[in-house]
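Residue numbers (mature numbering (1 follows the signal peptide of the UniProt record, and there is no 0)): -28 to -1, 1 to 114.
Calculated from the structure, these hints are not laboratory results.
Heads up, some of the hints might be wrong.
Stated by the list, open to error - In silico lysine-lysine, DSSO-like type, Cα no more than 27 Å apart, as pairs:
| id | residue 1 | residue 2 |
| --- | --- | --- |
| 1 | 29 | 74 |
| 2 | 59 | 39 |
| 3 | 30 | 74 |
| 4 | 29 | 93 |
| 5 | 59 | 74 |
| 6 | 74 | 39 |
| 7 | 74 | 22 |
| 8 | 74 | 93 |
| 9 | 59 | 29 |
| 10 | 29 | 39 |
| 11 | 30 | 59 |
| 12 | 93 | 59 |
| 13 | 22 | 39 |
| 14 | 39 | 93 |
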Amino acid sequence: MFLSSNNVASVFIFTVLLNFFYLNPVHSDGETKQGNSSYNTYATCQECMKSSCYTFKKACMYTSSTKQYCCFDCGADTDGITKYYYKVDCDTQCFDVDSSCKCNGPCWLCVDSQNDTSGYKFNMPDQIADVQCNQLALYMVN
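Build out the structure end to end from the sequences listed, making use of the hints.
Following this line, the structure appears as structure tokens:
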């Protein structure tokens, strides 16, 4: 069985493009991953307010430890694990005896007590910006 050069070239180009996009995923402006959450950082409040993240999520937060504004989503992750903005919400949904709420990045997760959470990092913003960019206290950790 012989393959035409067009078929070989097409498969080769497809493989190269697949590897490129797999190894270099495209992220939006300032997007990083924190605790399996989309976490966008901005130098100024105005920059955050003009972002597509703010358009969809309607919140710009400020983290005093990093002196940056951020916008993030605590929806379900790719594994289907529900994440919560508030610990109290996690506690009300995490009622299994072998589970507990742990903070990873800016979100709370209900995880099995047997899971290794040593790599989890607590990174909660401590203020939220109103539409005029005034910083208000944020009580996400209850």
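Hint check results:
Taken as a hint, the residue 29 and residue 74 pair is honoured in the structure, with Cα atoms around 23 Å apart against an allowance of 27 Å. A C-alpha spacing of about 23 Å is found between residue 59 and residue 39, which places the hinted pair at or below 27 Å, so the restraint holds. For the given pair, residue 30 sits about 25 Å from residue 74 by alpha-carbon distance, which is consistent with the 27 Å threshold. Among the hinted pairs, residue 29 with residue 93 is consistent with the structure: their alpha-carbon atoms are about 22 Å apart, no more than 27 Å.
Annotation: proposed proximity of residue 59 to residue 74 holds, straight-line Cα distance about 8 Å (limit 27 Å). Distance check on the hinted pair: residue 74 and residue 39 sit about 24 Å apart at the alpha-carbon level, within 27 Å; holds. In summary, the hint linking residue 74 to residue 22 is not supported, as the alpha carbons are separated by about 32 Å, beyond the 27 Å threshold. A distance of roughly 9 Å separates the Cα atoms of residue 74 and residue 93; the hinted pair therefore holds under the 27 Å criterion.
As the CA atoms of residue 59 and residue 29 are separated by approximately 19 Å, the hinted pair is consistent with the 27 Å bound. Simply put, residue 29 and residue 39 have alpha-carbon atoms about 21 Å apart, close enough for the 27 Å limit, and the pair holds. Taking the CA atoms of residue 30 and residue 59, the gap is about 20 Å. The hint holds against a cut of 27 Å. Restraint check: the Cα-Cα separation between residue 93 and residue 59 comes to about 15 Å, which is no more than 27 Å; the hinted pair holds.
As the CA atoms of residue 22 and residue 39 are separated by approximately 18 Å, the hinted pair is consistent with the 27 Å bound. The suggested pairing of residue 39 with residue 93 holds, with an alpha-carbon distance near 18 Å, which does not exceed 27 Å.
Against the hints set out earlier in the document, a violation occurs for number 7 only.
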